[in-house]
Amino acid sequence: MDLTLEVWRQAGESAEGRFETYDAPDVSEDMSFLEMLDLVNERLIAEEREPIAFDHDCREGICGSCGVMINGKAHGPQLGTATCQLHMRQFEDGDRIVVEPWRAKAFAIVRDLVVDRSPLDRIIEAGGYISAPTGAAPDANMIPVPKESADAAMDAAACIGCAACIAACPNSAGQLFTSAKLAHLDLLPQGQPERYKRVEAMVETMEEFFGSCTNHGECESACPKSISIDNIALMNRDYLIAKLKNRKLAGQH
Amino acid sequence: MEIYRTDVGKKYAMAISGVMLLGFVVFHMIGNLHVFQGAAQINTYGEGLRDLGEPLFPRTLVLWAFLRVPLAAAFAVHIHAAYTLGYTNLKARGTHYQSPRDYLVANYASRTMRWSGTIVLLFLAWHLADLTWGIKTVNSEFARGDIYNNLVFTFSRWPVVVLYLAAQIALAFHIRHGAWSLFQSIGANNPRFNKFRRTFANTFTAIIVIGFMAVPLGTVFGIIH
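Here the protein sequences line up with chains V and L, keeping their order.
Just so you know, the first sequence maps onto residues 1303 to 1555 in our numbering.
Just so you know, the second sequence maps onto residues 232 to 456 in our numbering.
This list has only true hints and no planted wrong ones.
Interface residues of chain L toward chain V, partial, derived using beta-carbon atoms under 7 Å:
#	residue
1	D238
2	L316
3	N320
4	A323
5	D333
6	Q415
7	G418
Mimicking DSS-like on lysine-lysine, the simulated pairs with C-alpha atoms at most 27 Å apart in a straight line are:
#	chain 1	residue 1	chain 2	residue 2
8	V	K1407	L	K322
9	V	K1545	V	K1499
10	L	K426	V	K1527
11	L	K426	V	K1449
12	V	K1449	V	K1499
13	V	K1499	V	K1550
14	V	K1547	V	K1499
15	V	K1407	V	K1527
16	V	K1449	V	K1527
These are calculated hints, taken from the structure and not from any lab test.
Where a beta carbon is used, it is the ideal one built from N, C-alpha and C, also for glycine.
With the hints as extra help, turn the sequences into a complete structure.
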């Protein structure tokens, strides 16, 4: 298939950016979107032109490195799929594809399609972990966990931190990411001792960088792991408890 | 108060003030329907609101202290939170997307809350001038306490009918998103009941808007005259 790409090119954070048009002939429909970009880059390098910079690592949808806006949709047209797992069969011969980096004030453009997502690390640093050193892994079933809770925690833990939720949100809000990182700890017994301290710290760190949630639900459908906005409601509820409840008793929740 | 400084806290304030405003809208809509029982009924109802709490409280005290002032406060909080959050969200994007967005689920109602809200607010100013304060330039035939004839006169002017109907459409868009969204904002989420939240918002909106539209339309079609 023959495609035309319009790709955002920007030399650095403060440099002026613009869309540049590239012909992408002879693309196989079995290629992933990143392999298609590799092909375009190989041709650019052969012509001694600067290749398109984009983030990628595992290319199997679990690392969260890749991710661009493709025709105005985060990670492109296929639901529940990261850019690396999006295949060119989702497009038609002759298509014009517009590729743009994630846009949020907190995400500086490093180069072309690569953005600096380190504000997400700041949110995790604020409390997205268990602080007690627990030694080696305990025996299975030492701590009983209801099946439903384990499943819900695992669904939240599927977050790969790609930031598509923030990129897709009309408000650039970080609620889905933050609530997933909270829920995968707070739904399990091991997360309880620091539950309310954690929600308070992570929400307030999130608000230093990102917008606020108006419940569009756009994040949920952009998420390559289809993480539910139910997590956001849980975060909101826990935040109120953290702020208002007697913390000595909140630990018994 | 400290919680209102945070964005999540402001969303709680929006949800709670929104519930108060929805409560007002329900009772206002139901109260309006007295007009179909005739002039005496609606006028008695209007007086009844002023007499609320008598003889325990002085006349109009309950109306002011428990209804009008809290409602005005809810409006103020709702608008202040909306404005400050909207500004935060605008700043959070930085450089806007340079190519057109293709939204998957963010719908027309959810993306136009600020505009539907502004339309409702402007309408409210007109509506108060027209049928509550009876400012002569807005409603030249206004007579205090004669609710029935006041509204018959106001709806005898077709541009006013169009204005009222248009405002109801804006209100419909606003509460269709709001009546769903508030559950998320206050963390009321239970997979067992979640599917009812959307149905609730749609049904609620339909009942409110049909109820409100009945009065201007009833006048246009001569049921109220």
